[in-house]
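Enquirer: Sequence:
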Amino acid sequence: MSDFVSHLRGRLRDDRAFVFVQDDLRTVRLTFTELDRRARAAAVRLTELGMTDQPVLLLYPAGLDFTVAFLGCLYARALAVPAPLPQAGAQHAARVRALAEDSGARLVLTDATHESAFDGLPAMVLEETADPDAWIPPAMTGDTIAYLQYTSGSTSEPRGVEVSHRGLLHNLGLFRRLSGDVPPRRLAGWLPHYHDMGLVGLQLQALHTGADLVFMSPNAFVARPVRWLEMISRYRADWTVSPDFGYSWCTRRITDGERAGLDLSSLAMALSGAEPINPGTLAGFERKFAPAGFRPTTWNPGYGLAECTLMVTCTPRGLGPTIRGFAPAALERRRAVPADDGVPLVACGSPNGLDLRIVDPDGLAPLPDGRIGEIWVAGPSVAAGYRGHLDATRETFRTTGDGRWLRTGDLGFLLEGQLYVTGRLKDVIIVRGRNLYPQDLEEAAREAHPASGRGAAFGVVNPDAGEHVVLVQEMRRGRQEHAGEVADRILDRLAERFGVPVSLVLVGHGEVRQTTSGKLRRRHMRDLFLRGELPFVHAELEPPLKGLLHAGS
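For the sequence shown, position 341 (counting from the first letter as 1) is numbered 341 according to UniProt numbering, and the numbering increases by one without interruption.
Simulated from the structure, these hints should not be mistaken for laboratory data. Yeah, the Cβ is synthetic: ideal placement off N, Cα and C, and Gly gets one too. Keep in mind that a hint or two might mislead.
Beta-carbon label-pair distances, calculated as ranges [said to hold, decoys possible]: (1) Arg-513 with Arg-176: 34 to 40 Å; (2) Ala-223 with Ala-290: 24 to 30 Å; (3) Arg-11 with Pro-450: 49 to 55 Å; (4) Ala-392 with Pro-543: 34 to 40 Å; (5) Glu-127 with Arg-176: 31 to 37 Å; (6) Val-337 with Arg-513: 53 to 59 Å; (7) Ala-260 with Asp-355: 45 to 51 Å; (8) Arg-513 with Val-125: 30 to 36 Å.
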């Protein structure tokens, strides 16, 4: 079958369902057959409104209303644009308007609670009034664009990635291969539906493979992370997906008493994706939840991005993670030299169903194994491009003599058939010829003192001395009186480990900005620093950078 709708309708069942666990722990349930019926009714209404081939902005809280609306758009051949529901405030309202303008959406679908919240944008609630049997399947091929997945905006303004039906089916097929001969029976998770990992890795993967899905809101998870693991325990889920943050949050916030009520023995696959994956997070989660039945072989580290629908590589079921140490001095020269006491990196699996190469980002020549360069990907999962951004599409999706390649903007290397991701190309800080990866600086700073929270490292050009390292570091709540001590400990740790001068800015909890998917907005933090707009608690700046913080003090 060439389109996702035909594939889904070929496996409709009443014994498979989506179950949404509300914040009050009550559940809402729709079987696959009921989802199909409601999606057909929604498609009839959208077709009546002339939305075929038109973008439709989906602004929903977590729950089944989004799933129905998304499928309704697919059934009507309308371009679904999943987006985060804006919070109160002019800044969030402006983002919604900008997203609508960029995508060209003329209609917002939402729930009754938020119908009047979008000033200047026509919004509608999908009522169950249309006859689902009046639905006429529109003509679709593999090249038909299924939906627009907006990028997270961690290194640039968000852009709408055009995901085709062929690309979606191919990527979901890659997910299906991970589990081998034992397909997933029940998925469980909390990821937002507007994020590619939550949409493809949970919701669409469940529909594609014919598995139950039990899910909750991201806000409920953050407020009480044990709910995620309780959901896995109660419903005996065998598959879950989360970025590194989710596993780390559980380790830090779930008490021993809460853990005592958990049984994670049913969990066979725990996918983890981040940039890059922190081996300390995996080890900490294992130690914490081994008494609850979590096994190290459950881990499935992977790598992906919206421009490849979602998954590029991932470790198959039952293998567990491969973690190796690499000489730090060699990494700074863009070479991967194994060293037992070196920087630990987590392998993200082998290419399987996609072509992958490592390319010199300057000369654009392919690099051999063990050399660090930009990750390039080719294959059916690669998206059509960015809607309405021809220049960016040409820059990112390159046609060469041997195919069409996605330039991911991520750095990594291949070794013994596995991919290791080392960071973002645009985030690398070059100091006197050394390539410093910001996540290494951030991790060292977080380990330096118990009061250290999240950090963002970036480079600032000093005309007299080249690029200079700046670290903006959060302090945990209630610990600001220790600012001087925290600064000394962080600077000592960074000097010992990296041997370069660092300007340090300590800020309050929540001041280091992230995208909606939890990625650090390092370039945004750099802009705030250079504009003097950081409300700092304490600062230790190298002489050329002094004076930049006056406006934010």
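Enquirer: The structure should be examined with respect to each hint, and the outcome stated for every one.
Expert: Tested hints:
Between Arg-513 and Arg-176 the CB atoms are about 36 Å apart, so this pair conforms to the stated range of 34 to 40 Å. For Ala-223 paired with Ala-290, a C-beta distance near 25 Å keeps the hint of 24 to 30 Å intact. Separation of Arg-11 from Pro-450 is about 51 Å and conforms to the stated range, judged on CB atoms against 49 to 55 Å. Between Ala-392 and Pro-543 the CB atoms are about 38 Å apart, so this pair conforms to the stated range of 34 to 40 Å.
In this structure the hint that Glu-127 and Arg-176 lie 31 to 37 Å apart at CB holds, the actual value being about 35 Å. A hinted range of 53 to 59 Å for the beta carbons of Val-337 and Arg-513 is inconsistent with their spacing of about 35 Å. In this structure the supplied range 45 to 51 Å holds for Ala-260 paired with Asp-355, their Cβ-Cβ distance being about 47 Å. Distance hint check: the CB atoms of Arg-513 and Val-125 are about 32 Å apart, consistent with the given range 30 to 36 Å.
When each numbered hint is compared with the structure, a violation occurs for hint 6 only.
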